[in-house]
Amino acid sequence: MWDLVLGDRRINSLRLVAPMWNGTRGIHRLGGAVVPEGNQKKERKMLQFLNNHFYDVEALRGYLLQREMSKVHLKNRSFTWLEEQHGPYSAGAFFILKQGGAVKFRDKEWIRPDKYGHFSPEFWNFREVPVEAVDASDCEINYEGLDNLLLLKELQSLSLQRCPHVDDWCLSRLYPLVDSLQELSLAGCPRVSERGLACLHHLQNLRRLDISDLPAVSNPGLTQILVEEMLPNCQVVGVDWAEGLKLGPEEQPQDTASPVPA
Amino acid sequence: VAHTGRTVGRLGEGDWDGKVSEIKKKIKSILPGTPCDVLPDTSHLPPEHSDVVIVGGGVLGLSVAYWLKQLENRRGGMRVLVVERDHTYSQASTGLSVGGICQQFSLPENIQLSLFSASFLRNINEYLAVTNAPPLDLQFNPSGYLLLASEKDAAAMESNVKVQKQEGAKVCLMSPDQLRNKFPWINTEGVALASYGMENEGWFDPWCLLHGLRQKLTSMGVFFCQGEVTRFVTSSQRMMTTDDEMVTLKSIHEVHVKMDHSLEYQPVECAIVINAAGAWSAQIAALAGIGKGPPGTLQGTKLPVEPRKRYVYVWHCPQGPGLETPLVADTSGAYFRREGLGSNYLGGRSPAEEEEPDPANLEVDHDFFQEKVWPHLALRVPAFETLKVQTAWAGYYDYNTFDQNGVVGPHPLVVNMYFATGFSGHGLQQAPGVGRAVAEMILEGSFQTIDLSPFLFNRFYLGEKTHENNIM
Numbered sequence: 001m002w003d004l005v006l007g008d009r010r011i012n013s014l015r016l017v018a019p020m021w022n023g024t025r026g027i028h029r030l031g032g033a034v035v036p037e038g039n040q041k042k043e044r045k046m047l048q049f050l051n052n053h054f055y056d057v058e059a060l061r062g063y064l065l066q067r068e069m070s071k072v073h074l075k076n077r078s079f080t081w082l083e084e085q086h087g088p089y090s091a092g093a094f095f096i097l098k099q100g101g102a103v104k105f106r107d108k109e110w111i112r113p114d115k116y117g118h119f120s121p122e123f124w125n126f127r128e129v130p131v132e133a134v135d136a137s138d139c140e141i142n143y144e145g146l147d148n149l150l151l152l153k154e155l156q157s158l159s160l161q162r163c164p165h166v167d168d169w170c171l172s173r174l175y176p177l178v179d180s181l182q183e184l185s186l187a188g189c190p191r192v193s194e195r196g197l198a199c200l201h202h203l204q205n206l207r208r209l210d211i212s213d214l215p216a217v218s219n220p221g222l223t224q225i226l227v228e229e230m231l232p233n234c235q236v237v238g239v240d241w242a243e244g245l246k247l248g249p250e251e252q253p254q255d256t257a258s259p260v261p262a
Numbered sequence: 001v002a003h004t005g006r007t008v009g010r011l012g013e014g015d016w017d018g019k020v021s022e023i024k025k026k027i028k029s030i031l032p033g034t035p036c037d038v039l040p041d042t043s044h045l046p047p048e049h050s051d052v053v054i055v056g057g058g059v060l061g062l063s064v065a066y067w068l069k070q071l072e073n074r075r076g077g078m079r080v081l082v083v084e085r086d087h088t089y090s091q092a093s094t095g096l097s098v099g100g101i102c103q104q105f106s107l108p109e110n111i112q113l114s115l116f117s118a119s120f121l122r123n124i125n126e127y128l129a130v131t132n133a134p135p136l137d138l139q140f141n142p143s144g145y146l147l148l149a150s151e152k153d154a155a156a157m158e159s160n161v162k163v164q165k166q167e168g169a170k171v172c173l174m175s176p177d178q179l180r181n182k183f184p185w186i187n188t189e190g191v192a193l194a195s196y197g198m199e200n201e202g203w204f205d206p207w208c209l210l211h212g213l214r215q216k217l218t219s220m221g222v223f224f225c226q227g228e229v230t231r232f233v234t235s236s237q238r239m240m241t242t243d244d245e246m247v248t249l250k251s252i253h254e255v256h257v258k259m260d261h262s263l264e265y266q267p268v269e270c271a272i273v274i275n276a277a278g279a280w281s282a283q284i285a286a287l288a289g290i291g292k293g294p295p296g297t298l299q300g301t302k303l304p305v306e307p308r309k310r311y312v313y314v315w316h317c318p319q320g321p322g323l324e325t326p327l328v329a330d331t332s333g334a335y336f337r338r339e340g341l342g343s344n345y346l347g348g349r350s351p352a353e354e355e356e357p358d359p360a361n362l363e364v365d366h367d368f369f370q371e372k373v374w375p376h377l378a379l380r381v382p383a384f385e386t387l388k389v390q391t392a393w394a395g396y397y398d399y400n401t402f403d404q405n406g407v408v409g410p411h412p413l414v415v416n417m418y419f420a421t422g423f424s425g426h427g428l429q430q431a432p433g434v435g436r437a438v439a440e441m442i443l444e445g446s447f448q449t450i451d452l453s454p455f456l457f458n459r460f461y462l463g464e465k466t467h468e469n470n471i472m
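If you read the sequences in order, they're chains D and S.
Read in my numbering, the first sequence has 112 at position 112, and its numbers run on one by one without any break.
Read in my numbering, the second sequence has 440 at position 440, and its numbers run on one by one without any break.
Hints may be right or wrong, so weigh each one.
[As the list claims (entries may be wrong)] Straight line, CA to CA, 30 Å or less: simulated BS3-like cross-link-like pairs of lysine-lysine: (1) S:K162 to D:K98; (2) D:K153 to S:K165; (3) D:K104 to D:K71; (4) S:K152 to D:K153; (5) D:K71 to S:K162; (6) D:K153 to S:K24.
[What the hints assert, rightly or not] Looking from chain S toward chain D, a few residues come up when the C-beta cut is under 7 Å (computed): (7) V98; (8) F120; (9) R122; (10) T131; (11) G320; (12) E339; (13) E354; (14) E385.
If you're looking for bench data, these hints aren't it; they were derived computationally from the structure.
No residue lacks a Cβ here, since even glycine has one placed at the ideal position from N, Cα and C.
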C-alpha cells in the first residue's frame, strides 16, 4: 500500500556510494562513526581547511547538513492520521516498521522488516490487538517521532538501543507509558545523559532498565546508584557501579554482580 | 586623509605658494625612503554606520540580533551592531542566572513565549548550526518545576493550570497525598495544592546558550563592539495628533559609543536602536530623553526598570532529595534545585519589598540565607536541616517595578527605540520568543507569531498592569 520503500533504498545506497561525506555527518553526530579513526581525522582537517577558505564549501556543507536534518524530520513525520482508520496500535506499528524497527503484537510473532525494508502487511488487520514490545534499535526516532510511538498505550517493552537522535528531551516524554512499560533499554544511545535518566522516575512499573554504554553520562557508577535509588522496584542493568573506584590495599574485590541490599 | 580645511581655489587665486609646498610635501611622503603617516588604527572601534544598534549583549540582545538576521529578506541586508559594555559578562544577568525554564505562568503570552523557547532550546543545533563547530550541549535537565501553593493560593493555582493546559503546556495538579507518594522527602504541611510540569521544563546552562548565540551571530556577520553608549543624537519632529494636540516625535540617528578606559568615542549612524541593557535599561532610556517631561504625561513616563539584587546559594546535603528532584518553589517563595550528581543543591528566595538589598554591588549577604531562606527550606524538606553552604553568588534582576513583566516593542515618542527588557527574572527563558517578536515588529511592523501587545510601553502611561502572579 504505502510502498515508499524505494525512497529508503536510495538512502541506503547513498551511504555506500559516498563515503567521503562521512566527515560532514561525523562532525554533527556524536558517535556511531564507522570510518577508522585515522582516516576520519585527515578528512576532517581537510574539510575544515576548505571550509575556512572558501565560501562555496561552507555553503555546500551547510546545505548538506540541512538536507540530513530534513531527512530525519521526514522519517519522523506524524502518522497519527492513520489512527482513525486503523486504530492506534497499527498506526504506531507502521511508524516503527517504516523506521526499520520491529514490533510484537500480543500473542503474535515479531514483525521485522527485511534488509530491503519490506514487511508483511498482516498487522493492518490487528485493529484491537495491542502492541506489547517494540525493538527500535538503531532507528532514527527523535522527539517529534515519539508522537507516533506514544500511540501504543499498552507497550510493555521498549528498546531504544543505539538510537542516534534519542536524547534527554525524548526521555522526558515517556511518562504516558507509566502503566504498562516494564522493560526499557537505552544502551548505547550517544545523547542520553544522567539528566534524562532523572525523568524516568515516573515509570514506576519499570522492572528492567538497561543503561549500559552511555557515553554522555559523566559518572556511570554514581548514576547507576542514583537511578537504583530512584526506581527501587527496578533492576538497573549495565553499569558496574564499582568502576572508577580504586580499591584499598587490603580490600578484596567484591562480587559486584550481586545486587546490593538496600 | 587629512583635509586642511581650506577651500581649494581655482588656479591663479588663493595661496599659490602654500599649495606648492603642500604638493611638495605630498610627493615627498609618497616617494620611498621617507616615513609616511600611518592611518590611525580603528579596529577596536565600531563601524561608522549600522542599520541596527543593539545596546546590551546579553541573551536578549543576542536573541534579537539572531532573529533580525534570520528573518531579514535578503542575506546581508541588514547591518547589526551589538554594543556590550563588559565583555567578561561579570555582572550580566544571563551568566549569573539559575537557568530555569518553565511554563507555569498565569498570562497566556508568557506561556506561549516559554513554550517556544523550549522548542528553540530543544532544536538548538538546528537553529544555531555553524559548519565546523561542534554541536552545543545545553546540559538541559528536563526535571520540571514543582510549585507549591497554600490554602489561599490554591484557587489561583487551579485557574492558572487551566490556562496553561489550554495553551499546550504539560502541567498536572497534585494533592498533598500524591505529593507525599511521589516525593517522599517533602513535608506537605501547609501545602494545599501543587502543580508539576512534566515536559519542556527544567534548567540548563545559560553560558552555553550565550556562547552558541555569539558563535552563530559571528558567522552570520553581526558586528560586536565593546563599549558604552553615552549619548543619543536625536532629531525631532512636531506633529499634530487626531485630537489636535502637538506632539514631539523624536528619532535617534546617531549613537555615541565610548571605548573602555578612554575618552575616545565613535559616533555610529543608525536607523534603529534596541534597548536590551537589562538591569541598566532605565539609564539608556533616560539618555534618549524618555521620562523627561512633566510627570503624568507620556513624555514624563520613565521606563520603570531597575536593578534588583538576588542571591543564589549552593549547599551540600548528603541525605537530600534524589535524582528525580524538580525545581521546587515553596509557598514562602524559597526555591531550590539539584545541581549535578554529587548531592549539591542550589536555591534562594526573593526578599520582601522592605528587605530589598542595595543593588550597588554584587556582594553576597550570608545572613539572608541563615535567617530567611534556610528555615523555609528545612521546614519543607526535613533533610535540609543539616546542610553546608559551599558557595554563593548574586545577580541582578532587571526588575519592572510596574508589573514585573517584560517591556517589548517601540516607544510611542522615540519612534525608533525598541525595548526588550524588564523581564524581572524570567528573561532568559523567554529570550528566543521575545527576540523573534521584536524582529517581527521591526521587519513586518507588527507581532506575527506571538502577540505581545500587552507588553508594549504604552501601558505605563495608561496605567494598565499586565500582572503575572507566578514569579519567583
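Each hint tested on the structure:
1. S:K162 to D:K98: Roughly 37 Å separates the two Cα atoms, so the pair is violated.
2. D:K153 to S:K165: Given pair D:K153, S:K165 holds - Cα atoms ~21 Å apart, limit 30 Å.
3. D:K104 to D:K71: Measuring from Cα to Cα gives roughly 27 Å; hence the hint holds.
4. S:K152 to D:K153: violated, 38 Å
5. D:K71 to S:K162: violated, 37 Å
6. D:K153 to S:K24: Distance ~91 Å between D:K153 and S:K24 Cα, so the pair is violated.
7. V98: Violated, about 15 Å.
8. F120: Interface hint status for S:F120: violated (12 Å vs cutoff 7 Å).
9. R122: Holds - the Cβ of S:R122 comes within 7 Å of chain D, reaching about 5 Å at its closest.
10. T131: holds, 5 Å
11. G320: violated, 12 Å
12. E339: violated, 11 Å
13. E354: violated, 38 Å
14. E385: Hint violated; S:E385 Cβ to chain D Cβ min 20 Å, cut 7 Å.
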